[in-house]
Amino acid sequence: MAICKVVLCDDDPDIRAIGEISLRDVGGWDVVCVNDGFAALTAAREEKPDLILLDIMMPRLDGPGTFEKLQADPQCADIPVVFMTAKAQRHELRGYTELGAAGVIAKPFDPLTLPDDIRSLLNQI
Amino acid sequence: MTTELDPKRREALQKMQDLRARFSGRLRERVLQLRESLEATAAEESGALARAESLAHRLSGTAGSYGFPEVSRLAGELELVLRGASFNATQARALMRELETHVELKSA
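Sequences listed follow chains A and B, in order.
So the first sequence is numbered by the numbering used here: it starts at 1 and just counts up by one.
So the second sequence is numbered by the numbering used here: it starts at 1 and just counts up by one.
One chain only, chain A, in its complex shape (with noise of 0.2 angstroms):
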């Protein structure tokens, strides 16, 4: 699948900086990045992204809870959704890839990388 647009879903601003300047300046891709599970429900309804890349881990909403609501809205629900954490245990994956993600990454990620790695999950669906 061809991507052009990806929504970064990270609370924490040096994933967000660094992320983005993978996926946009290495990826070729155009990124908006948003802090909150809230706030990428809001970048999925508002920017129809290509894909969304989704920390884990965030206060007020988590992943898993994101990732949920996005399912249950037909706007949403065709968007492959990428986990990101840093537990990458094998069982942990296994579990996120079961609830119908496209994919774990886990960081440490590599920034040269990121893109091909994503790439190459998405070509695995």
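Read the hints as simulated data drawn from the structure, not as lab findings.
This structure is a prediction, so every number in the text was calculated from the model and none was measured.
The C-beta atom is built at its ideal place from N, Cα and C for all residues, glycine as well.
Please note that a few of the clues may not be correct.
Stated by the list, open to error - With a straight-line Cα cutoff of 25 angstroms, these simulated DSS-like cross-link-like pairs (lysine-lysine) come out:
1) A/Lys-69 <-> A/Lys-48
2) A/Lys-69 <-> B/Lys-15
3) B/Lys-8 <-> A/Lys-5
Stated by the list, open to error - Quick look at which bits of chain A chain B covers, simulated, 3 or more residues with Cβ under 8 angstroms:
4) 21 to 35
5) 99 to 105
6) 108 to 122
Place chain B on chain A using the hints.
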């Protein structure tokens, strides 16, 4: 033989290096916040353990993405030690000292 990077990739690398330098400057502050939270767990302050675990979790994910793999590893180990039932104060303090030593050395 030198490999010529395309201009967009070179620009991205430059931006990442700038960001890394700024992050490096904030690393001590983040480690200090973590130590303060850890000390608060010793004083049994409400929510201190969860806060320390969250700070360690974030530091682990962020430091590695900025090219500080050892900081990431130590913070990740600390996160596991701080997680609920497996909490071991002695082990946590030892990891915290190792983390502080590493960041001091890195920033020197």
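Hint check:
1. A hinted pair counts as satisfied when its Cα atoms are at most 25 angstroms apart, and A/Lys-69 with A/Lys-48 qualifies at roughly 15 angstroms.
2. The hinted pair formed by A/Lys-69 and B/Lys-15 fails the criterion: a straight-line CA distance of about 35 angstroms is larger than 25 angstroms.
3. With a CA separation close to 18 angstroms, the supplied pair B/Lys-8 and A/Lys-5 stays within the 25 angstroms bound.
4. Residues of the region 21 to 35 of chain A with a Cβ under 8 angstroms from some Cβ of chain B number 5, which satisfies the need for three, so the listed coverage holds.
5. With 0 residues carrying a beta carbon less than 8 angstroms from a beta carbon of chain B, the region 99 to 105 of chain A misses the three-residue requirement, and the given coverage is violated.
6. With a threshold of 8 angstroms between beta carbons, the proposed coverage of the region 108 to 122 of chain A by chain B holds, since 5 of its residues qualify and at least three are required.
When each numbered hint is compared with the structure, violations occur for hints 2 and 5.
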